[in-house]
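Peer 1: Quick note, the sequences are listed as chains G and S, same order. Residue 58 in this note's numbering is what sits at position 58 of the first sequence, and the numbering runs on without skipping anything. Residue 48 in this note's numbering is what sits at position 48 of the second sequence, and the numbering runs on without skipping anything.
It is worth saying that the hints were derived from the structure and are not from the lab. Careful, some of the hints might be misleading.
Residues on chain G that point at chain S, a partial pick, calculated with CB under 10 Å [as the list claims (entries may be wrong)]: (1) Ser-27; (2) His-29; (3) Tyr-33; (4) Gln-42.
Anything over 12 Å on all C-beta distances counts as not near chain S; from chain G, calculated [said to hold, decoys possible]: (5) Asp-14; (6) Gln-17; (7) Met-18; (8) Thr-20; (9) Asn-22; (10) Val-54; (11) Lys-62; (12) Ser-73; (13) Tyr-74; (14) Ile-79; (15) Leu-115.
Even glycine gets a Cβ: it sits at the ideal position worked out from N, Cα and C.
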Amino acid sequence: GPKVLQIPSHQIIDMGQMVTLNCDPVSNHLYFYWYKQILGQQMEFLVNFYNGKVMEKSKLFKDQFSVERPDGSYFTLKIQPTALEDSAVYFCASSLGLSNTGQLYFGEGSKLTVL
Amino acid sequence: GDSVTQTEGQVALSEEDFLTIHCNYSASGYPALFWYVQYPGEGPQFLFRASRDKEKGSSRGFEATYDKGTTSFHLRKASVQESDSAVYYCALGPLNTGNYKYVFGAGTRLKVIA
Chain G
1 GPKVLQIPSH QIIDMGQMVT LNCDPVSNHL YFYWYKQILG QQMEFLVNFY
51 NGKVMEKSKL FKDQFSVERP DGSYFTLKIQ PTALEDSAVY FCASSLGLSN
101 TGQLYFGEGS KLTVL
Chain S
1 GDSVTQTEGQ VALSEEDFLT IHCNYSASGY PALFWYVQYP GEGPQFLFRA
51 SRDKEKGSSR GFEATYDKGT TSFHLRKASV QESDSAVYYC ALGPLNTGNY
101 KYVFGAGTRL KVIA
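All chains should be modelled from the sequences, with the hints used to inform the complete structure.
Peer 2: Set out below in structure tokens:
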């Protein structure tokens, strides 16, 4: 089936550094999402993105977070600077549309460890 | 805001047992409802959805019926297998009224013992 690829699968960085998580969504999909999952806990919505713009973001999407998809390349989540509480698995997802019949396709996640 | 409540945090069953995982939702509109399954080390995978009242979604022996009256979408399977061990998430879809996100429940960890 359709695949969402995430790079890197695991990244360890020091607090205060910048990190960029990359997502290659399903090729014809138009809507892109980031979710955050702290170990063993709930999937929490961060942001979604369509037509070059953020459509909606949650309170977890702090000012240090940003997303972009320049010229149809990777959909990226950048955190600058990172904080200890940013340690989590970040899942990228994409969907073809926003209709009530749409479904999300998820990547395998990027595990971020902030020391 | 919109929310999804899964009553059971963990469920432990033996093979061939009947499974029920309860899901209730709260939404301002009429969302599509979804079940996703997540295996260790992987992202969630779509299991099935239902888009309107009384519609039944099903896949791989799992099923759930959209009940607008009780705002529920309970997951059931008649006979579980060890390979069904995973985390199951109930979710509601975008409402197309300025709300573009999928909202997930807390998840229910199912462990099936052979």
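Peer 1: All the hints need checking, so say for each whether the structure fits it.
Peer 2: Here is how each hint holds up against the structure:
1. Ser-27: violated, 17 Å
2. His-29: Since the shortest Cβ distance to chain S is 13 Å, the answer is violated.
3. Tyr-33: With a closest approach of 7 Å, the Tyr-33 (chain G) hint holds.
4. Gln-42: holds, 5 Å
5. Asp-14: Since the minimum Cβ distance to chain S is about 25 Å, Asp-14 (chain G) lies beyond 12 Å and the statement holds.
6. Gln-17: holds, 25 Å
7. Met-18: holds, 24 Å
8. Thr-20: holds, 19 Å
9. Asn-22: holds, 15 Å
10. Val-54: Contrary to the label, Val-54 (chain G) does not stay out of reach of chain S, its closest Cβ about 10 Å off (not over 12 Å).
11. Lys-62: holds, 17 Å
12. Ser-73: holds, 21 Å
13. Tyr-74: Its Cβ never comes within 12 Å of chain S, the nearest being 17 Å, so this holds.
14. Ile-79: Ile-79 (chain G) is indeed farther than 12 Å from all Cβ atoms of chain S, at 19 Å.
15. Leu-115: holds, 22 Å
The structure fails hints 1, 2, 10 (numbered hints given earlier, in ascending order).
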